[in-house]
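Counting in our numbering, the sequence shown runs from 1 upward without gaps.
Worth flagging that the hints you see were computed from the coordinates, not collected in a lab.
Fair warning: this is a prediction, and the values are worked out from it, not measured in the lab.
Just so you know, not all the hints are guaranteed correct.
To be verified - Pair by pair, the computed Cβ-Cβ distance ranges are:
(1) PHE101 with LEU183: 14 to 24 Å
(2) LEU282 with ASP370: 22 to 32 Å
(3) PHE101 with ARG286: 28 to 38 Å
(4) VAL309 with ARG171: 45 to 55 Å
(5) GLU207 with VAL16: 50 to 60 Å
(6) LEU167 with LEU71: 36 to 46 Å
Ideal Cβ placement from N, Cα and C applies to all residues, glycine included.
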Amino acid sequence: MTNGTQIIRRGTPAFVRANIAFFLSAFAIFASLYSVQPLLPILAAEFGLDAGTSSLALSSTTATLALALLLASWVSDRLGRRTLMVWAILLTAALGLVLPFAPNWSALLIIRTLMGLTLSGLPAVAMVYLAEEMDPEALGFSMGLYIGGTAIGGMAGRLLSGILADLIGWRPALMVLGAAIALAALVVVLLLPAPHNSRRSRIALRELAALVRLQFRDPGLPWLFASAFLLMGSFVTLYNYVGFRLALPPFALSHAAISAIFVVYLLGSFSSAWAGGLAQRLGRRRVYWTLVLVMMLGVFLTLVPSTPVIILGLAIATTGYFAAHGIASAWVARRASVGRAQASAIYLFSYYLGSSVLGTLGGYAWVAWDWNGVLLVSGGAAAAALFVGLHLTRLAPLPSEQPVPAAPSGA
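Based on the provided sequences and hints, a complete structural model is requested.
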């Protein structure tokens with residue numbers, strides 16, 4: 001729980017600094033993570049790979065990230081939230097500057113795997129930091145803005161690397177993106193406020209395992225963990241292979257044109273912040289499953305063999321996904337009264353595990369059954385996530401989850 005005299009309140013300089021730092025950190029981390037996604041067809045052609053194997057450029061990072069998250073949460077309890085976040089973003093930026101110089105496919109995979117380790121330090125801590133340091137009335141906005149930063153970072157990483165790869169080649173494209181991420185990392189280091197409400201704890205690994213088990217005794221948290229696996233797996237599968245589809249007849253789009261489609265990620269930035277406020281007013285249970293349904297409808301809309309309709313489907317799926325993910329992220333942070341860092345880490349472990357497992361599975365489904373195979377994986381996961389969302393409507397709320405009344409106008 002936050003200390004009433006030291007929490008970060010709306011309108012204060014610390015509030016502005018924290019939100020800028022978290023937005024830029026989300027931008028840097030997710031631009032780094034997803035910079036290779038639009039390059040998968042290029043990497044497949046350059047290194048003689050099929051779609052499923054080329055997806056390992058992303059899946060190797062997300063798999064390592066998932067496995068490292070619990071350890072990162074343990075390290076953050078010992079070293080401090082800010083220390084881990086600073087080192088995570090700086091080391092990620094350094095690896096991003098090295099990546100363009102990878103001499104072969106194996107070296108590229110090694111660098112991307114190491115990047116999964118460094119990336120884990122920020123998402124494992126970000127939601128916990130916000131939940132501990134922010135005034136509860138401001139938490140929904142700040143969490144939504146952070147998720148919005150992940151949307152813009154994911155969009156910028158994909159957009160810049162994809163378009164620049166068409167113009168100057170994929171290696172120079174990654175150099176330009178790496179420089180931008182390094183600059184953002186330096187700003188985060190300068191602006192991120194020191195935390196006041198987190199306590200360092202030198203818990204043993206046995207105690208860490210006990211805290212992890214504790215999260216699965218809660219009647220709601222395991223369902224939220226499952227939703228993370230399904231939502232992220234569905235979303236990444238959709239975007240991993242839409243480029244392969246649109247490059248083929250009857251679409252035959254250029255690589256730059258395909259990359260430009262990632263502009264729809266801007267919708268995710270707005271929808272996550274908007275959904276955070278909506279859930280604060282109406283309650284997470286009423287809003288969450290509806291947003292999952294929106295995402296699912298967008299996924300299945302891409303079945304229509306029309307470029308404008310496919311783009312519309314991607315836009316709808318992106319809007320629903322980021323809004324639902326923003327709500328679920330805040331829900332986990334609010335519901336976990338003990339072992340909050342571990343609960344958030346398990347949520348993100350499930351999230352990135354879904355990306356790795358379903359994202360790679362979708363590649364082999366594409367090879368076997370074309371876009372119908374991708375929809376079997378992506379649409380099936382979205383439908384399962386909708387079932388989870390409907391189940392969560394029957395979940396009894398804990399006192400810590402109760403909506404915080406909005407401050408009166410002018411307060």
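Against the structure, the hints:
1. The supplied range of 14 to 24 Å is met by PHE101 and LEU183, whose beta-carbon atoms lie about 19 Å from each other.
2. Checked against the hint of 22 to 32 Å, the pair LEU282 and ASP370 fails, with Cβ atoms roughly 40 Å apart.
3. A hinted range of 28 to 38 Å is violated for the C-beta pair PHE101 and ARG286, which are about 50 Å apart.
4. For VAL309 and ARG171, the hinted distance range of 45 to 55 Å is not satisfied, since their beta carbons lie about 35 Å from each other.
5. The hinted window of 50 to 60 Å between GLU207 and VAL16 is violated, with their beta carbons roughly 37 Å apart.
6. Between LEU167 and LEU71 the beta carbons are some 40 Å apart, a value that agrees with the proposed interval 36 to 46 Å.
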